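Q: In order, the protein sequence lines correspond to chains Z and G.
Taking this note's numbering, the leading residue of the first sequence gets 7, the next gets one more, and so forth.
Taking this note's numbering, the leading residue of the second sequence gets 199, the next gets one more, and so forth.
Mixed in with the good hints, there may be bad ones.
[As the list claims (entries may be wrong)] Here chain Z is said to cover these stretches of chain G; the calculated rule only asks that three of the stretch's residues, wherever they fall, bring their Cβ under 8 Å from a Cβ of chain Z: (1) 212 to 224; (2) 341 to 348.
[Unchecked claim] Every beta carbon over 10 Å from chain Z, so not counted as near; a handful from chain G, in silico: (3) M199; (4) A206; (5) D209; (6) D251; (7) E267; (8) S281; (9) R292; (10) R295; (11) D298; (12) Y307; (13) L318; (14) T332; (15) P334; (16) L351.
No wet-lab data here; the hints were simulated from the structure.
If you're wondering where the values come from, they're calculated on a predicted model, not measured in any experiment.
No residue lacks a Cβ here, since even glycine has one placed at the ideal position from N, Cα and C.
Chain by chain, the residues:
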Amino acid sequence: MAVIHAPQSLPPKPAVVPAPVLPPIELLLVESQFLLRRTVAAVARDMRLAHPREVTAIEHADSLVAICRFDALFLSLDEEEAALALMARVRSGDTKCPRDIPIAVTAAACATPLALRLKELEVRRLLLRPFKVKGVLDAIAALRNPAPERAAAA
Amino acid sequence: MIPAPIPADEDHRIAALRQLLILDTPPEGRFDRVVDFASGEFEMPIVLVSLVDSQRQWFKARVGIDACETSREDSFCGHAILSSDILVVEDALRDARFHDNPFVTGTPYIRFYAGAPLQLPGGATVGTLCLIDTRPRQLDETDLAILGALRQLVVDELVAHEQVQ
Numbered sequence: 007m008a009v010i011h012a013p014q015s016l017p018p019k020p021a022v023v024p025a026p027v028l029p030p031i032e033l034l035l036v037e038s039q040f041l042l043r044r045t046v047a048a049v050a051r052d053m054r055l056a057h058p059r060e061v062t063a064i065e066h067a068d069s070l071v072a073i074c075r076f077d078a079l080f081l082s083l084d085e086e087e088a089a090l091a092l093m094a095r096v097r098s099g100d101t102k103c104p105r106d107i108p109i110a111v112t113a114a115a116c117a118t119p120l121a122l123r124l125k126e127l128e129v130r131r132l133l134l135r136p137f138k139v140k141g142v143l144d145a146i147a148a149l150r151n152p153a154p155e156r157a158a159a160a
Numbered sequence: 199m200i201p202a203p204i205p206a207d208e209d210h211r212i213a214a215l216r217q218l219l220i221l222d223t224p225p226e227g228r229f230d231r232v233v234d235f236a237s238g239e240f241e242m243p244i245v246l247v248s249l250v251d252s253q254r255q256w257f258k259a260r261v262g263i264d265a266c267e268t269s270r271e272d273s274f275c276g277h278a279i280l281s282s283d284i285l286v287v288e289d290a291l292r293d294a295r296f297h298d299n300p301f302v303t304g305t306p307y308i309r310f311y312a313g314a315p316l317q318l319p320g321g322a323t324v325g326t327l328c329l330i331d332t333r334p335r336q337l338d339e340t341d342l343a344i345l346g347a348l349r350q351l352v353v354d355e356l357v358a359h360e361q362v363q
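Take these sequences, add in the hints, and give me the full structure.
A: Okay, structure coming up:
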């Protein structure tokens, strides 16, 4: 029986390594718009991106972070001052969440002072309205990954 | 064209639909908001909450179309209610069921259709939340999950409506 050998010059096929499947994260989702919030939460749950805890206002988020640990925060800046104050408390370690918890925010607009404040608070993603559910889901997926500097160090 | 088939559970389905007491009622914000939202999210010119009655499909909420009902026989939604899965027709001109459908060959010149069946807790599928475009389109996995989530919100509202009656 003839045996056909592959030409020696062909490079070996790389082994197929499946991408690691990241577990869903515990997500605090603060969004006042009902349809947006419910749709994002349902799809994030369905696609196993996150176990979202939905609240409509920063006041409710404040109560939750005092007693619950989350892996990521996704906040609307509709109540800008209250949201910034919440993030400051999280970063200073005054909540049950880790100080370095990844945070993404949504806003209607972002002038330089707000951008600087968000940078200071180490906000990882900013979505400006109008945005789509898909954009929010992409941002949530990105919150599951380590911060870029940590990924580089690993 | 293949006319919309009649499902095996038609009597049960029509009874469940009629029990909702929603046919021919005025527009309501809670349904209008969903079709507006879906139209923006998916950039679709036509989005409907369509309820499939015995001879017609009637639109509880609509964006991009003036008619409030059309014949069931010609309806895409009449096909979509046959399964609990979302029916996606990427290009109606290439689909034997729809290529010569009057809504494909004439106004509104449907080319793309995605219908998420509205299945009530009792199992009856009373209609769809559907997306329609005049050009061929595709939906990815995330799009389908978003459409499925919006569909569930419509079902929740239909059931809530029923409970208030």
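Q: Going through the numbered hints above, which ones does this structure break? Give me the numbers in ascending order.
A: Numbers 1, 16 - these are the hints that the structure violates, sorted from lowest upward.
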